[in-house]
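Generate coordinates for the entire structure from the input sequences, incorporating the hints supplied.
Each chain is listed here by its residues.
2 protein chains.
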Amino acid sequence: MSGAVVVTAVEGVGEVGAGERIGGLIAAGLGRTGVEPRDGDVIVVSQKVVSKAEGRTRELATVEPGPRARKLAGELGRDPRLVELVLAESRRVVRAAAGVLITETHGGWICANAGIDSSNLPTDELVTLLPLDADVSARRIRAELVAHTGTRPGVLIADSFGRPWRIGQADVAIGCAGINALDDWRGRADAHGRALAATVVAVADELAAAADLARTKTSATPAVHVRGAERWWTAEDGPGAAATLQRPEREDLFR
Amino acid sequence: MSGAVVVTAVEGVGEVGAGERIGGLIAAGLGRTGVEPRDGDVIVVSQKVVSKAEGRTRELATVEPGPRARKLAGELGRDPRLVELVLAESRRVVRAAAGVLITETHGGWICANAGIDSSNLPTDELVTLLPLDADVSARRIRAELVAHTGTRPGVLIADSFGRPWRIGQADVAIGCAGINALDDWRGRADAHGRALAATVVAVADELAAAADLARTKTSATPAVHVRGAERWWTAEDGPGAAATLQRPEREDLFR
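Chains as they are written, first to last, in the working numbering: chain X, 255 to 509; chain P, 255 to 509.
Rather than coming from a laboratory, the hints here were simulated on the basis of the structure. C-beta: ideal position from N, C-alpha, C; glycine also. Among the hints, a few may not be true.
[Unchecked claim] Simulated coverage check for chain X against chain P, where a stretch passes if three residues somewhere in it have a Cβ under 8 Å from a Cβ of chain P: (1) 403 to 410; (2) 420 to 426; (3) 497 to 508.
Right under this line is the structure:
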């Protein structure tokens, strides 16, 4: 029987500017929250704060939409400058209809608007792009946490994605370090001693979803601490989220 | 700042037979686990145990595949008896390719094999179907928990679904009672006082995912207790998961 999984918002991280080291801010926040970090813990960091720290923000006023963006924006009823950014961040359009633009980013994630977002930013004119490589972000934040805390928590970068067929967004992982993103039970025996056929659990996505429950969308709680996920923690950083969670096109029926 | 979310597997519920009252088994399990239930708690129950209790199991040996099932099974390389059951449980086939059969169930859920599953059952020949209406199941289990514990936890029925574009399964909600399945932040102000544009959080799915982290796939831990989700708890049972989480076809781009 496993112990409890405990999910706690890290207090007082607050606003983050370009060039800031998030790991140090989170380490200080853990202290304010009264959490003593340990190896085996997981820190879930929201994409937006990572993007801000990495300077992955754009002023829409500086974007000059091209003909393709203008045409698509007209069809969708969207801001052509936003559509220009989405196309620039994407390797393909998966769906464009009913006001919704779903693309596959250069980093391989399939989501609405290439993950570009304007909420919790000072003006409507400022947007965040996804980190160029959130696995690299996770490894860097982990190294900062090691330096500041002397412990080696796993780090996960989470973003809110919509889903086909289901209403609402749920947080998923777009980057990780020190976490087995997948828990592969295939070949292991079930409670009746029979091999489990098709059970591969997207642990990193479930951790992201769990972390989201401890935050509110209106307050600045960009980091969440998870204890009780030790069985998926690894000392080495590992291959990250993109290499493990992205379904290859040849195995995918929906693009 | 919200408090911690604490997710604990309920011990000793074990195997469940047709006609058993799950609520009573969970109430006893909570005692063994050392959890004192309260209003505001959430109990997440896995679909399989609900299906077993409701007699929603089938022996494949009793299934006679029709011509459509035989043809589709041949194309997919699947057991024609399983395909017959999937078709009988479905109102439409969404995708059938590469050995994968994704359908929309009569209950409105879109998932592989209409949610039919053979893991953690005594033989390969026995499978579970989804509950006919897992919102009804959740309301019944909640009433049993009220009777046995004198408290009124929310109840959520969870199943593991695969996802387009992403490897691995994550647990989602297919039924609930006493939980706001969606947390709608649209119109509320973000940290900068600006209205949040498109943020509707699928809380029930995030709760299901969080609960899955406290279980293992090989042991019988069909129920999980969640504390710290009080802000989504409701005294009344509410509309359930199907009415709130299923995206209407006219708003969906992937069927």
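Status of the hints after comparison with the structure:
no.: 1; hint: 403 to 410; result: violated (count 0)
no.: 2; hint: 420 to 426; result: holds (count 7)
no.: 3; hint: 497 to 508; result: holds (count 8)
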